[in-house]
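Enquirer: Okay, here's what each chain looks like letter by letter:
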Amino acid sequence: MMINIECYLVVSTIMMFAGIYGFFTRHNMLAMLISVELMLNATDINFAVFNRFLFPAMKEGYFFSLFSIAISAAETAIAIAIMINIYRNVRSIQTKDIEDMKW
Amino acid sequence: MGATFETIVFGVLAMFIIVMSVLTVTTGRIVRSATYLLFVLLGTAGLYFLLGYTFLGSVQIMVYAGGVVVLYVFSILLTSGAGDKAQKARRSRLFAGLVTSVAGAALVLFITMTHHFVPATGNEIPVETGINNIGRMMIGSGKYEYILPFEAVSIFLLACIVGALLIARKR
Amino acid sequence: MNFLSLYIFIPLLMLVGLWLAKGLKTVRGVMVVGSSALLMLSIGLVIAYLSARHAGAAAEMLFRAEMMWYPSLHIAYSVGVDGISVAMLLLSSIIVFTGTFVSWRLKPLTKEYFLWFTLLAMGVFGFFISIDLFTMFMFYEVALIPMYLLIGVWGSGPKEYAAMKLTLMLMGGSALLLIGILGIFYGSGGTTMNILEIAKLHNIPLAQQCIWFPITFLGFGVLGALFPFHTWSPDGHASAPTAVSMLHAGVLMKLGGYGCFRVAMYLMPEAANQMGWIFLILTGISVVYGAFSACVQTDLKYINAYSSVSHCGLVLFALLMMNRAAATGAVLQMLSHGLTTALFFALIGMIYGRTHTRNINEMRGLMRIMPFLSVGFVLAGLANLGLPGFSGFVAEMTIFVGSFQHFDAFHRVLTIIACSSIVITAVYILRLIGKILYGTCTNKAHLKLSDATWEERLAVITLICCMAGLGLAPSWISHMISNSVGPIVSQLIP
Amino acid sequence: MEYTIFILILPFLSFLFLGLAGKWMSHRAAGLVGTLTLGAVAAMSYLTAFLYFTAPRLADGTFATLIPVNFEWLPFTSTLSIDMGVLLDPISVMMLIVISTVSLMVHIYSFGYMKGERGFQRYYSFLSLFSMSMLGLVLATNIFQMYVYWELVGVSSYLLIGFFYTRPAAIAASKKAFIVTRFADLGFLIGILVYSYYGGTFSFHPDSSMLMAGGAAMMPLALGLMFIGGAGKSAMFPLHIWLPDAMEGPTPVSALIHAATMVVAGVYLVARMFPLFIVYAPGVLHIVAYVGAFTAFFAASIACVQSDIKRVLAFSTISQIGFMMVALGVCTSLDPNLGGLGYMASMFHLFTHAMFKSLLFLCAGCIIEQVHSNEMSAMGGLRKYMPVTHIAFLIACLAISGIPPFSGFFSKDEILTASFNFSPIMGWVMAIIAGMTAFYMFRIYFGIFWGTENKELHEKLHPHENPLTMTIPLVILAGITCVAGFIPFGQFISSNGQAYHIDIELSTALTSIIIGVVSIALAIFMYMRPTQPVADSLARKFKELYTAAYHRFYVDEVYQFITHRIIFGCISTPIAWIDRHIIDGLLNFSAWSAYATSDSIRSLQSGRVQQYAFVFLLGALALILLLIL
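Protein chains in written order, with the working numbering: chain A, 1 to 103; chain B, 104 to 274; chain C, 275 to 768; chain D, 769 to 1397.
Any given hint could turn out to be false.
Unchecked claim - To spell it out: a stretch of chain B is covered by chain A in this simulated footprint if at least three of its residues, at any positions, have a beta carbon under 8 Å from a beta carbon of chain A; those stretches are: (1) 141 to 150; (2) 162 to 174.
Said to hold, decoys possible - Listed next, the in silico DSSO-like pairs over lysine-lysine satisfying Cα-Cα at most 30 Å (straight line): (3) C/K474 with C/K381; (4) D/K1223 with C/K722; (5) C/K296 with C/K385; (6) C/K299 with C/K433; (7) C/K299 with C/K385; (8) D/K1152 with D/K1228; (9) C/K722 with C/K296; (10) D/K883 with C/K709; (11) C/K433 with C/K381; (12) A/K59 with B/K273; (13) C/K722 with D/K1311; (14) D/K1228 with D/K1311; (15) A/K96 with B/K273; (16) D/K883 with D/K1228; (17) C/K709 with D/K791; (18) C/K722 with C/K433; (19) D/K1223 with D/K1311; (20) D/K883 with D/K1311; (21) C/K718 with D/K791; (22) C/K381 with C/K299; (23) D/K1152 with D/K791.
No lab work stands behind these hints, which were simulated from the structure alone. Just so it is clear, CB atoms sit at the ideal spot from N, CA and C, and this is done for glycine as well.
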């Protein structure tokens, strides 16, 4: 039996919604960031899969995934830098403790 | 035979990824969460290998699994104190999140399943693109070549490095 | 550019001068020179206007000038004056002049205070000289905004609340006004913003008039303390610093009446005829209601504020009678009430500045302690209750006689009801005078208080002279106003 | 006669001068300025009267009505305007004499009476203001000018009653006087408005074409309303309550304003409008008569029991004005021979009353100056200390009681004759009131000059005759009172303007003399001796009546109730409350509801990224659902 495109999509969808669920429910900012990584990863998979199955002759999805990985790495770096900074100031990275910024 | 092997590998990888990603968001400890994430990322790299995108897979392992997760672990170590154990979320909130996610997943899966994809005909066997080829495409300026995004990302990464340093440095 | 634009330029120069000024002396100097120049300008304008009329100038507005500044909407800076605006300009410059002296010793931030004060004055002058709907509206806004800061920063009591309330209500009014103005503009074909031209076109369909008239009238009516939108007045006046109360009650509230007449009624006469009775009843209520309310107040400024509600109600009341004599009376009443109430607020401010209380139960026998202020107060009171020889009598009688000449019995009955306010006015004025001025002072702290300083005397005397002058020789100004009211009223009479 | 305008201008200038510069003047200088001005005014008035009444009569036997000065003061419409001017006709000239004479006397008298008082200059400036306003009132060429001065008179009365502004009683009295008369003036004003609407003019002669067109039907209303104004100023029941309290003012002021001049303004107003009353509103005229008669009786009965001599005089004034009103009200025709006699009688009585009543007040002032009290208990037996005052007071009492040959007899006799002509009942009622007048006047006369002497007080104060500045006016006024009755008044003033020869009707005259004498005898019997057993026993017997009368039949309490409970309690306070809580409350509520709405919406904008994402996802899912369905 062939592994068709839907199988990959099922995996990425579940990963995506697991990320979403995590993003909604976690209170720790790092955990939220991890959930974001999950979501990003799921989209990366989708790009690669679509490219591979639907347009195998081209490389758009491939490169998109590549750049996306680079950018998510950068994003992680910045986010973590911010979090460390916050942690230094308020000794916590729980979302409920850092509501002051919104006022 | 090859197809069957692939199917088995895919099945194992898919189960592994699904379980790990669910564990990532459900586990109470943040370190474990990061570890499960690492497994998810590795599994994803496996999927890329399976698709025949070996370069992408290796990038995934090197950058994600190697770089990002390490960053996570370090930052967890730096920021976790007494409250490293994730706060128990409110039940209603958990429930709302769960319902929404499940509903969303169901909806998306339903669409995915009902949508009729038209796979490209032709060679089913993945053709590995050579690294030198990828390198050319990366710095070429013709059609389907990506010098502009490449440079943008480079500057972006530089900016991120500087920014991360600036933000995280001690005052 | 004709000399009416000086009404904008002098305040502008004053603003620059104040901005550059260093030290209290310079600030005062700039204010005195500027406000005197404005007063001179107004007197000159009256003379020029009267002599031009005497020489046979028959146009509705004199000294016209026009400069388009936003052609796509036909918005022009067009100025011109008729008898009504001349009278109002004279009133405004008198109040600005006396207000300067009343705020002579105001602290802190004297310079900033005078900056806003001058800006307010500029708005007022600009409003009265404009004959372009939009420009008029713009100056109206210029006059409103500084009020917020003047009350909020330099006020007393619950000043933030009062400033907010006043500004919000008046802004609400001006929002209605903007709608009304746009309605008028497009209703008349969207070709001009000039009031005179719109009046000449006289082409707003009745159905549209019936929408825009109440909106515009209400918009201006809020500023004219129309019942039930008058409640900003007691709070606002009570909290405002003295000169601001003077300028506000004396001039700014007149913007309402002036606008109702010049914009709402002049441009939409049919609707005014058709719907006037609703507002007539409201203003009738204002007149009596304000007077009754004033009877039981214990705060000096509240008494005067309610009295202003009553008297300004009389202005709108008379305008809605839509005949020449009543409308003349209305303008006279604006003039007279402006002077009287300004004097009243000035004196209240001066007394408050000394006794630090405005509660009439805490003051007694001030006549012996500060005779000058007390005599001024008695005169202001008598003028307020319409003593012959002061302007109030002239205005009220013109209104009553004019209104009673209305052919409709309903209007005449309302006039009789409005007449009864003169008795109630007497009640609260005499109660006030009897309570705070007469008797023997029992408060030891009050015994040491001083009488008016020279600049306060100057302000009080100026206002009293103006009131008495208007009250003793009213016919010239009555003629001047009556002749200018004529064209507007003839538009109104079907 | 253009100079007559100076009769108004001079006192006005004096008022301004004294009011502005008085502060820096000595008492004597201020008094001199005021008095000399008034002297000049009086001289001009006498000259005017002389010139006017010696001028030849017109063909129909009347004196010409002259308007030497008239200019438009305030235009209203093309036909209506307030004109200021001077109107000379018999009654205005007569009033001119009355006012300037009494005012001059009071000016002189005040030199002594107000000596050393604080605010002496102010006092004289107010007197000048009053004189100007009162003269302006009588010289008015039209009803609105009259109203203008009417108001000014009210204000000067207010200022003078409240002259001693540190006394609570004076403050209350001045306020009351002003507000009550102001209330009545509202009637006057509305009357003027109605008159101008239906008569088309403010002048005393309405446009006949307007009257033809239905205006005549409204004339009774207009005139009735005007009478309300007159009733307020002239203290007719029930608007009389301010006058007794007005006695808080300095006594010369009471003499001038509240006895001789201002309070008769109402009578003058009715007399001025008399031609209209008689033609268009005879019914209203009769109401005037009934109101006058009731007031006269009412006030006389109160006067019988008051112990404050100024109060007695005040009620006596009210009563006498009632007489004047009755006299006007009983007229049924313009012809003095056919029922128009009352007009002349009223004016005659106004004239004589002004003289003897101001004399009474000035005497009272002399007495009060010496004993420092208004109460009769502080007096008694004063005849030996103050002979001049005593004689002057006696003359005035005889005059007011209607004893010949004093002036009051003649005028009162004419009033009684007119009343008897109208109806015998009215005649007898008025005769009885005349008797009451004699009784209460002699009651206080004996109470002051005879009766029990308050020895203790008198030994402390040593009452003696006042200085010449105070006694000379008494002598002059007493002299006028003695001879004024012999003036052939009907020659000058009558209802149709033609000369009317007064002949004393013997029966009426005898009746009134007999009633007067009997009343005086009764008063002698009751009050002349040191002890007063009869009076006391009567007072005990009719205790309730006595108390009620002593408290002026509680009319003041009724007013107090109306003003405090009804006006303040039931109207003003609720209105003020409604304003603060309901109307302002509505506004505050709208502000609050805007605030509450934004506050509740604000939680959407919580700043929690998770919540945003949640909502975002829900929205996205909803959109997807929408698209696939």
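Enquirer: Each hint: holds or not?
Expert: Going through the hints against the structure:
| no. | hint | result |
| --- | --- | --- |
| 1 | 141 to 150 | holds (count 4) |
| 2 | 162 to 174 | holds (count 7) |
| 3 | C/K474 with C/K381 | violated, 50 Å |
| 4 | D/K1223 with C/K722 | violated, 44 Å |
| 5 | C/K296 with C/K385 | holds, 9 Å |
| 6 | C/K299 with C/K433 | holds, 28 Å |
| 7 | C/K299 with C/K385 | holds, 10 Å |
| 8 | D/K1152 with D/K1228 | holds, 16 Å |
| 9 | C/K722 with C/K296 | violated, 34 Å |
| 10 | D/K883 with C/K709 | holds, 28 Å |
| 11 | C/K433 with C/K381 | holds, 16 Å |
| 12 | A/K59 with B/K273 | violated, 43 Å |
| 13 | C/K722 with D/K1311 | violated, 52 Å |
| 14 | D/K1228 with D/K1311 | violated, 34 Å |
| 15 | A/K96 with B/K273 | holds, 24 Å |
| 16 | D/K883 with D/K1228 | holds, 21 Å |
| 17 | C/K709 with D/K791 | holds, 25 Å |
| 18 | C/K722 with C/K433 | holds, 29 Å |
| 19 | D/K1223 with D/K1311 | holds, 29 Å |
| 20 | D/K883 with D/K1311 | violated, 42 Å |
| 21 | C/K718 with D/K791 | holds, 26 Å |
| 22 | C/K381 with C/K299 | holds, 13 Å |
| 23 | D/K1152 with D/K791 | violated, 40 Å |
The structure shown violates the earlier hints numbered 3, 4, 9, 12, 13, 14, 20, 23.
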